[in-house]
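> Take a look at the letters that make up each chain.
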Amino acid sequence: MSGTAELAAVAPSATHRLRRPRLLVRAVRTPGGAAGAVLTLVLVVVGVLAPLLAPTDPFAVDGPPLQAPSAGYPLGTDALGRDLLSGVVYGARTSLLVAASVAVLVVVIGTAVGLLSGYLGGWVDDVLMRLTELFQVLPRFFLALVVIAFFGPGLDRLVLLLGLTSWPLLARVIRAEVFSLRHREFVEAARLQGASRTRILLREILPNALPPGIALLGLVVAQVILIEASLGFLGLGDPNVTSWGTLASEAQRFLRVAWWLSLFPGLAILLAVLGLNLLGDAVTDALSGRR
Amino acid sequence: MPARRLVVLVAAAVLLAGCASSDPEPRAGDDPTASSGPTRGGTLSVAIDSDPGQLNPAITTSGGTHTASELVYNGLVELTPDLEPVPELAESWEVLEDGALYRFDLRDGVTWHDGMPFTSADVKFTFEEMLLQLHSRTKASVGAALESITTPDADTVEFRFSRPYAPLLLQLDVTEAPILPKHLYEGTDVQKNPVNSKPIGTGPFTLESYTPDSELRFAANEDYFKPDLPYLDEVVMRIIPDKGNQVVALEAGEVDFLFGTPGPDLPRLKESGDVEFLTTQRNPGGSNCIMTVSFNLDKPIFQDVRVRRAVGSALDREQFVERVLFGQGKVAEAPISSGIGFAHVPGLAGLPTFDRAAAEMLLDEAGWQRDGDATRTALGVAGVPDGTPLAFGFTHFPTFAPYAQLLRAQLAEVGVDVTLTPLEPPVFADTVFTARDFDTNIISYCNGADPEIGVKRMYVTSNIGPVPFSNSSAYRNAEVDELFEQARTTVDEKARTATYRELQERLVEDLPYLWIVETEANRAFTTQCSGFSAAGHFAETASCSR
Amino acid sequence: MTRRYVLRRVLQLLPTTAVILLVGFLLIHLAPGDPVLALAGENGDAEYYAFVREKFGLDESLPRQLAVYAGNVLSGDLGTSYVQGRPVAQIIAERLPATLLLTGTALLLSTVVGVAVGVFTATRRRRWPDVTVTLATLAMYAAPVFLVGQLAILLLALRAGWFPVQGMTDARSSATGVARALDVGHHLVLPALALASQEVAAVARLARVGLLDELARDHIRTARAKGVGERSVVLRHALRRAMLPVVTVLGGRVGHLVAGAVVVEVVFGWPGLGRLLVTAMQARDAPIVLGVFLLVAVTVVMANLLTDLVYAWLDPRVRYG
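Residue numbers (the numbering used here), protein chains in the order written: chain D, 184 to 474; chain H, 1131 to 1676; chain V, 190 to 510.
Errors might be hidden in some of the hints.
As the list claims (entries may be wrong) - Example chain V residues on the side facing chain H (calculated, C-beta under 7 Å, incomplete):
(1) Gln273
(2) Gly274
(3) Arg430
(4) Gln471
Unchecked claim - Ranges between beta-carbon positions, derived for each pair:
(5) V:Val398 - D:Arg313: 25 to 31 Å
(6) D:Pro252 - V:Leu263: 55 to 61 Å
(7) D:Pro252 - V:Ala328: 32 to 38 Å
(8) V:Trp502 - D:Leu343: 36 to 42 Å
(9) H:Asp1319 - V:Val257: 17 to 23 Å
(10) V:Leu251 - H:Thr1627: 58 to 64 Å
If you're looking for bench data, these hints aren't it; they were derived computationally from the structure.
For each residue, glycine too, the CB sits at the ideal point set by N, CA and C.
Generate coordinates for the entire structure from the input sequences, incorporating the hints supplied.
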């Protein structure tokens, strides 16, 4: 009996799973999606390969101070004589690190809440939805400000804070997906064949509920990068890593004499966030096209 | 409808133009070209860094409060640029019993801004209830030595010390000991008294209005006891937190005077010809300041003097002057600032100079091995397990981040790994002095006009403890303690110079601190105004001819 | 929309506010260091600390302390700033108008411009104007607000000299009345533009989607069939209903704008609550930091509530789970 159950359970979902790679390809076909994918890819590559791509250690005081962009220093140097290109490259690494870590937290928490809420319904749903609303309404930025002001700066607490407050949207989307998936034929089929609730949840529903959530991830992560940059700009960044926000905050003093110190980190943030937004939008569009 | 809109637009344009033009006409009877003295009248517009919070300079050494409030008050004396005391609230004085008793004869007819008479009771009250409790420099120096303050009559004040106290006259200006009115503070909590936001003093200006985070307006004190002063009608202090914006405001004519010029803008301002400068080591928060790195001597890593000397030799201090100060300052050549002429001793043999090779050698000798370009690790270092990396924390005010970053980069070259911990001043004070939870830090130790004021507190054993900006390294040397005591109780300057020389030779041998740079500020002001002084009453003798 | 729905939503305000209070309270007591120092500053003596301990009940049990704190806040007592020695509520009330002016103007500006852009791009779908304008607004959305501010200062204030570089009023002028209002207005332009730039894209997109949806409806087709001009169709018939999505996100936008206001106030030296918060954090003036945090959190919660109610009123089919 179990053999046929297995087969029956696998066959319908297999058709669902096949659609996903085509989804991504379809998203990337649009001009917005293509641009977004390229930019996001650049961010990832630069972040991962930072030690290889950066000309020097971003903290090393090597060059002449406040030098405009030139052959030796393509993006210029700061007041201490540190290479800005290296700073921007390592800044990408920090942003990537924060983005990825927060994304993991958001997916784990958001998915768990969305799955449980959507599938179990009833009072579990009520409670979890109250919780979600609460976290959604807490002002993330101000909370981060206050926490860092009292507990000191640091990447770890920033990631924790942002991860613990950015999941509500994802949870909502996943929950909505789960609602609509609950009564689909392949789920009914699995249930009739005696699969346990957990099994259904994990093998049938989760793989199909996840894509809209992942699509949202791009937008969520983009927001996280902006928040991290703003906190850095206010002087609350981690002083022991290079980040775009910290670079921009140091640039404020020299706005008049060294425009490159403000422009390039800001531009880097713009491109990263734009890329993630475009990609996220394209994937979401492709998804809703399916519907 | 369209016609009315046009009228409004024109009116708006006219009003805007009116707002953009410069300030009110000079007072009647003025002749700016007359050579018979400075122009009277007019408004001086000044840019300041931060909101003072409160305006009582006797209960704090905060630069913000002092900058904003010193125009309102006076001290018993005033200090000339050569650090000579001249009369202010005190008309004359006698130094008796070799310096154990100081008698001041107070000026007659001085009144507070609210009309009440100034008396010796105000002096006694200010010292006992405010300065000796809450003003950290005065408390640490005068407070430790003072026996009593007596007021034989309304015009006389006597300071009695248990042993002769040499530096008193240098600590009685408006920065170190401003005098506040007893009749407004008696019986109240001096820290929460609302008069702290609406100050009443005896000084050349009165506070007219205070808009938090925006501006302070001061009006000339018509009844000021110095005849003919002040020349200006009004002083407006605008809070412009960003130093770059302050320069923009100066160049646009929105403000006339800056307390400090950011380095990058200095050359441009100098070239413009519209700006004059006053270079000084005196600041409202303290004078003759040296940026000093402390080692927490309670930690085993720093107990070997070779390690401390190595760190000192790895630092290129000229680079600090160039890239952090932009030339506004110089390398510190001795533990005591060059601003205190009689005590400063240049050319001390033991002071570390920039020599990377020597630094690396010293570290190797001290047991810190280096593998290529990596961070050094311990091998046979007392109190440190083998293999421990030579890595330590560096605690600092966020505003001193450039120093921290440059130090980190320079020490990385010799295999030392530094982690930065920026802490806001209140937290810094708690973490460094109360909890002693730090490895190294950097502090702007302001020496003041006499070593007794701001130098002694860094080195004496009795000053290791929770008071902020005391002996940060926890340096303990009984001989040094004795030498400081000797210098304090000798009144003869030559003898004191010899004592301070011996002291500095010891300090440079033991190297409990690293003295990095002496900082100076360039006051910048429009050529239309002149007569500024570096100290608290910066605008007392100022005038503007427009 | 039933009365019960309104009541239910308003009542939800209570637990949310309670949690916000709790978060604020925990922050004081979990922060490293003696909470007395956080509340009373570094310069007090033993006597003063004892006084503060008693006043705030810091020696008592945690739940009791929470009750005292909550009671204080609910009766409007946000504590006293130890840096300024004045009640926090008074300090906040002084700075509030500047931030309200900035945020309100930015909200208005971004809504108007956003709707205009949305209409513009909706009626020129997929043609060049649509693409370039959409790209421009997306870039503004992606740009961190401090970059937009810094560029505005560099180009429009420093280079062109059209606008002042910082502050709310001219340093030298002591003008009053209309002249002062104009001065403030002149200083308001760049900060408000910088703050609004973030939001324009979001509003534009919503307006565009809403309009396109609306234009596809039957009653529009009818109007067109009747020969009503395209302009009138869009502006008169479709626009109002199309604005629904724009309204629904108002609550979220307020939160976003207030966060952006902090950065804008720092960039432009605008003397509002954002600047107050940053300076208070630097001075470790805990009562002010918490006071501003509470105010902002409660405002955002109420903004969300209001938009939910407005939306429910506009579209009675809506029910939230």
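> Would you mind marking each hint as holding or not holding in the structure?
Cross-check of the supplied hints:
1. Gln273: holds, 5 Å
2. Gly274: With a minimum Cβ separation of about 5 Å from chain H (threshold 7 Å), the hint on Gly274 of chain V holds.
3. Arg430: violated, 30 Å
4. Gln471: With Cβ-Cβ at 5 Å, under 7 Å, it holds.
5. V:Val398 - D:Arg313: 25 to 31 Å: holds, 29 Å
6. D:Pro252 - V:Leu263: 55 to 61 Å: With Cβ atoms ~56 Å apart, the hint holds.
7. D:Pro252 - V:Ala328: 32 to 38 Å: Violated: the Cβ-Cβ distance is about 22 Å, outside 32 to 38 Å.
8. V:Trp502 - D:Leu343: 36 to 42 Å: Taking Cβ atoms as reference, Trp502 of chain V and Leu343 of chain D lie about 39 Å apart, which means the hint holds.
9. H:Asp1319 - V:Val257: 17 to 23 Å: holds, 22 Å
10. V:Leu251 - H:Thr1627: 58 to 64 Å: holds, 59 Å
The structure is inconsistent with the numbered hints 3, 7, although it conforms to all the rest.
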